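There are 2 protein chains.
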Amino acid sequence: MPEKRYLMTPGPTPVPPAVLAAMAAPVVHHRSPEFTPVFERTLARLREVYRTDGDVLMFTASGTGAMESAVANLVSPGDRVVVASAGSFGERWTALVRAYGADVDELAYEWGETPDPADLRGREAKVVFLTHSETSTGVVADIRGLAAVAKENGSLVAVDAVSSLGAVPLETDEWALDVVLSGSQKALMTPPGLSFASVSEAAYAARSTSPRFYFDWERIRRAQQQLDAAYTPAVSVIAALDVALGILLDEGLDAVFERHVRLGRACRAGAKAMGLELFSPDEDSAAVVTAIRAPEGIDATDVVKTLLHDHGITIANGQGPLKGQIFRIGHIGYFDVFDITTALAAVELVLAELGADIERGVATARALEVYEHTHV
Amino acid sequence: MPEKRYLMTPGPTPVPPAVLAAMAAPVVHHRSPEFTPVFERTLARLREVYRTDGDVLMFTASGTGAMESAVANLVSPGDRVVVASAGSFGERWTALVRAYGADVDELAYEWGETPDPADLRGREAKVVFLTHSETSTGVVADIRGLAAVAKENGSLVAVDAVSSLGAVPLETDEWALDVVLSGSQKALMTPPGLSFASVSEAAYAARSTSPRFYFDWERIRRAQQQLDAAYTPAVSVIAALDVALGILLDEGLDAVFERHVRLGRACRAGAKAMGLELFSPDEDSAAVVTAIRAPEGIDATDVVKTLLHDHGITIANGQGPLKGQIFRIGHIGYFDVFDITTALAAVELVLAELGADIERGVATARALEVYEHTHV
Numbered sequence: 001m002p003e004k005r006y007l008m009t010p011g012p013t014p015v016p017p018a019v020l021a022a023m024a025a026p027v028v029h030h031r032s033p034e035f036t037p038v039f040e041r042t043l044a045r046l047r048e049v050y051r052t053d054g055d056v057l058m059f060t061a062s063g064t065g066a067m068e069s070a071v072a073n074l075v076s077p078g079d080r081v082v083v084a085s086a087g088s089f090g091e092r093w094t095a096l097v098r099a100y101g102a103d104v105d106e107l108a109y110e111w112g113e114t115p116d117p118a119d120l121r122g123r124e125a126k127v128v129f130l131t132h133s134e135t136s137t138g139v140v141a142d143i144r145g146l147a148a149v150a151k152e153n154g155s156l157v158a159v160d161a162v163s164s165l166g167a168v169p170l171e172t173d174e175w176a177l178d179v180v181l182s183g184s185q186k187a188l189m190t191p192p193g194l195s196f197a198s199v200s201e202a203a204y205a206a207r208s209t210s211p212r213f214y215f216d217w218e219r220i221r222r223a224q225q226q227l228d229a230a231y232t233p234a235v236s237v238i239a240a241l242d243v244a245l246g247i248l249l250d251e252g253l254d255a256v257f258e259r260h261v262r263l264g265r266a267c268r269a270g271a272k273a274m275g276l277e278l279f280s281p282d283e284d285s286a287a288v289v290t291a292i293r294a295p296e297g298i299d300a301t302d303v304v305k306t307l308l309h310d311h312g313i314t315i316a317n318g319q320g321p322l323k324g325q326i327f328r329i330g331h332i333g334y335f336d337v338f339d340i341t342t343a344l345a346a347v348e349l350v351l352a353e354l355g356a357d358i359e360r361g362v363a364t365a366r367a368l369e370v371y372e373h374t375h376v
Numbered sequence: 001m002p003e004k005r006y007l008m009t010p011g012p013t014p015v016p017p018a019v020l021a022a023m024a025a026p027v028v029h030h031r032s033p034e035f036t037p038v039f040e041r042t043l044a045r046l047r048e049v050y051r052t053d054g055d056v057l058m059f060t061a062s063g064t065g066a067m068e069s070a071v072a073n074l075v076s077p078g079d080r081v082v083v084a085s086a087g088s089f090g091e092r093w094t095a096l097v098r099a100y101g102a103d104v105d106e107l108a109y110e111w112g113e114t115p116d117p118a119d120l121r122g123r124e125a126k127v128v129f130l131t132h133s134e135t136s137t138g139v140v141a142d143i144r145g146l147a148a149v150a151k152e153n154g155s156l157v158a159v160d161a162v163s164s165l166g167a168v169p170l171e172t173d174e175w176a177l178d179v180v181l182s183g184s185q186k187a188l189m190t191p192p193g194l195s196f197a198s199v200s201e202a203a204y205a206a207r208s209t210s211p212r213f214y215f216d217w218e219r220i221r222r223a224q225q226q227l228d229a230a231y232t233p234a235v236s237v238i239a240a241l242d243v244a245l246g247i248l249l250d251e252g253l254d255a256v257f258e259r260h261v262r263l264g265r266a267c268r269a270g271a272k273a274m275g276l277e278l279f280s281p282d283e284d285s286a287a288v289v290t291a292i293r294a295p296e297g298i299d300a301t302d303v304v305k306t307l308l309h310d311h312g313i314t315i316a317n318g319q320g321p322l323k324g325q326i327f328r329i330g331h332i333g334y335f336d337v338f339d340i341t342t343a344l345a346a347v348e349l350v351l352a353e354l355g356a357d358i359e360r361g362v363a364t365a366r367a368l369e370v371y372e373h374t375h376v
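Taken in sequence, the protein lines are chains W and D. If you read the first sequence in our numbering, its first letter stands for residue 1, the second for the next number, and so on. If you read the second sequence in our numbering, its first letter stands for residue 1, the second for the next number, and so on.
So here's chain W without its partners, still in its complex pose (with noise of 0.2 Å):
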């Protein structure tokens, strides 16, 4: 039999199969009645993901390439900026608003720690750049209680979401996020290829002067109220997101949610089961990814490659000044409890043949009946 594959990184992520049957549809034409259909769809589905009334712009392009928008559209040199930064995706933010020249203050945490709204207090800027679940650690921030001390300080808020939105609970209307980033590959369940801004009428009003074309929001803005593609999109993967947001949309945004929170916490409970230490706070939001740290005298990258290499399952080391430190067990999208059970089972199968002192044979139970005793 061939060795089966695990996905469990934290993106990109598992895709359902009728999800990747739809990436095998012959291609048609953007601007043809066979995908003119499709695409309205799939960005009044993205609306209602958002949580907004208001515009998701569509990029085929990485995360990042959408993050770059915020910047681009937003930022001329020498604008006074905010960047909370709290680890790998944090750092990303303070280099884009760099490459367009902002005057930046960067409040920047420990990697690992979460923003404190507090810390916001008094910091006067155009713009505020934050993360929402920082995937490098497995924080998940307090967007909306940042987003209010921005508010409060007149700043318009950018949220990066990428590995967030659909997984955890995020309004852009009701905290009125001026800008949410977001990416296909994650909580979406969709190959990768695709990212999103939604962008509030404050926002769209306080355009820069600095230079864009293909991320400028006012090409892709007017080409989508004509239902239109500035550019050749990539329609394959548009077609995978119109199903798998059709499948989100049908378990319900609140469901999904709850499932994610289920899922961190089983996974949390049966790491903490076996003896192991996690990276980043034990709290019911951080229902993205599990940083486990490494056990003593062990490197964690041996654990990832050894999970590769023995068992086929993937999951993420540490980034930058965390790799060999810490694993990530990703459940952001299309994982169920069992999915869990597979990667605690073989994570206690790994560390114990590197030498670990861990306990055996506790973390599956324990990930099992916290996932059906937890309700939220």
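In case anyone wonders, no lab produced these hints; they're calculated from the structure. All of these numbers come straight from a predicted model, not from anything done at the bench. Glycine included, every Cβ here is placed at the ideal spot set by N, Cα and C. Just so you know, nobody snuck in bad clues.
Computed far set for chain W versus chain D, every beta-carbon distance over 10 Å:
#1 Arg41
#2 Arg45
#3 Asp53
#4 Glu91
#5 Asp103
#6 Glu106
#7 Pro117
#8 Asp173
#9 Thr342
#10 Ile358
#11 Ala365
Label pairs and their in silico Cβ distance ranges:
#12 Leu253/D / Ala176/W: 53 to 61 Å
#13 Arg80/W / Pro37/D: 45 to 53 Å
#14 Gly361/W / Thr36/D: 30 to 38 Å
Got chain W sorted already, so can you dock chain D onto it with the hints?
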């Protein structure tokens, strides 16, 4: 029986079944031993199609994204550039360089004209932006000749080869082309979602001060040198491209070019046999798209709509000022002579229904005859 569908636009183009099947494979992580060999092979195959020993950088983006990379990485505000423009995609170069504040010397031709290398004489500029196949008109420009004059002027040369690479001969290294842009969804027989830029050492050394991140050549080159992508790439489309490039290289680049010339001549001969007038010059090189004037009293929009509605065949209308005036049959990539006879037979049928005065019953026979007797 469900109506059969025929995609006959100059992009996106039809995709071979084996390539579609690759689109539906389970998603793998982009930094894993499951993906790295695919990425390495695809980059090597791209260099072979580009006929370059240099870097070909890959973007998850439409072709316009790759074009913007050339402008963002080469043009600082105030830089003198030349754009040779003879249609919609030439005008895209102009819009792009204006967005980056270039001092533009626009060598503008009427839509449908063929740029003349002699017209570039004495036009000094940092960069000359060219269009190989002007998809909006069906004209294929003499890139070798144009580039030679640009080089005499000391300019860098950037070529939009989105709809020509893999269909029409293009020699990146031999013709000393500094930057060649292309996309997955034309002659490379892959769904849209990826685009590419070859970058010469001279171009790399001449990078601009313009702000950029996602399309920054340095970030992407550094990542690719480690067989990594700078940002989560469209792994499914890359896996599909790998298969498509394998098919293309198995046929052999020269055989592919010959097939395109024969298909182009067959299509043009068939159209003329019907009594139709070609819009673009009837040259050997015009092997990418056949642009045909709508006959007296017929609106090209009706031709395009009727073909799709009654026969499931998608061809392209004219763009911009040519909308309604011309229709365009693409024959780029996964096309054989029976696609040409299908297109011609259907055009004949629809034109007759619309009341055009055309010659019946000769087009497909003429196309087959020309295809059979053409040797390049």
